[in-house]
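Chemist: We have chain A; now place chain D onto it with these hints.
Protein chains: 2
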Amino acid sequence: MELNKRQQEILEIVKEDGPITGEQIAERLRLARATIRPDLAILTMAGYLDARPRVGYFYSGKKPVQSVADSMIGMKVRDFQSIPVVVAEHVSVYDAICHMFLEDVGTLFVVDESLHLTGVLSRKDLLRTSIGNTDLDKIPVHVIMTRMPNITYCEKQDTLLQVAKKLMNKQIDSLPVVHDSGNGLEVVGRMTKTNITAAFISLADDHEL
Amino acid sequence: MELNKRQQEILEIVKEDGPITGEQIAERLRLARATIRPDLAILTMAGYLDARPRVGYFYSGKKPVQSVADSMIGMKVRDFQSIPVVVAEHVSVYDAICHMFLEDVGTLFVVDESLHLTGVLSRKDLLRTSIGNTDLDKIPVHVIMTRMPNITYCEKQDTLLQVAKKLMNKQIDSLPVVHDSGNGLEVVGRMTKTNITAAFISLADDHEL
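Taken in sequence, the protein lines are chains A and D.
When you line the first sequence up against my numbering, it's residues 1 to 209, in that order.
When you line the second sequence up against my numbering, it's residues 1 to 209, in that order.
Only chain A is shown next, with the shape it has when bound in the complex:
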């Protein structure tokens, strides 16, 4: 539920000067007590204000009751991202698979000597290469990786909703979180459907659903 302008004004008045009676608030706004009665009822029901008989309205002190909708829109990559796991371009497919198991991730990001993103390796890419190939220790990952500019990525300030949509639309497991340094993309994080699932749960937990 969104507050209208008058409700926001009332909230400000009570924050500043509460406890304050309904009459006093009405006076400050140059309105009749009856006019603001519904607004006070709404603000109290929504938990913004508490009311005590013979005292008046006061600010509930709870952090402004944010709706689940507002929380959801406000969720950013920087608050949910995981640590990225990177490998160099010349590493063998065999070593990459070992690295993936060791780090227990589903995707590896490939970087060049200046640590800029050049490729992505999914568990699927590695599995595809490993069946039928016995020389996994002789194939470098840059031969099988997905390369720039075909890599979908995101940035720290993006919303989780934007990331969720990219993951679904591109049918991929993981996005690198990058910082554009001017000469290339530094890999600073990793976003997966696991992060989205964690956000889904935290949304429910934060709002005690």
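No lab work stands behind these hints, which were simulated from the structure alone.
All of these numbers come straight from a predicted model, not from anything done at the bench.
Identical copies go unnamed one by one, so any copy, or any two together, can satisfy a pair.
Derived SDA-like pairs (lysine to any residue); straight-line CA-CA distance at most 20 Å: (1) Lys156 <-> Glu186; (2) Lys15 <-> Arg33; (3) Lys170 <-> Glu103; (4) Lys166 <-> Asp104; (5) Lys15 <-> Arg37; (6) Lys166 <-> Asn150; (7) Lys5 <-> Arg30; (8) Lys165 <-> His207; (9) Lys165 <-> Asp206; (10) Lys166 <-> Leu209; (11) Lys76 <-> Ser202; (12) Lys124 <-> Cys98; (13) Lys5 <-> Pro38.
Modeler: Chain D only, in chain A's frame:
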């Protein structure tokens, strides 16, 4: 926002007999008009009721404006599950990998002759087996699969929140959706973090966030 008992009563009256004036509603409830004014304001603001001058209140006809929170709690497995992909126990690891690619899934469910769930194969299980093993076509999947009773599963009527928590707590990619037939567990669906991500997006889309 939850409606209180009086607000629910008002909603019922308007649904039955609207358009109806505030006075008439108050009369039906044996309350003063002023008493129910905040309730009417709340119901109108929340979109349950529409008010028209000289006509009165009428039911908005929109499906009761459900909050994001309520939508989230109400999300069930049956509305988001994917089609399960199953293999028989005697199938080779090689064939299972091909099947996984062909069906483009991350997890295969293993069933016995009566199509009851006996095991789960993740992309990780298959990748682990495929490195170093050249006889993938000679190893049956039942040798490497995770077996009952170590399989975490869910049912159609479970909530997405329950599923999301199981996926996170057990650190797994996929849950079989099962129906307990009495003699065993029939596999009727598949739930993954992709389904949770889709639910996250649909929550935003449904509420136009």
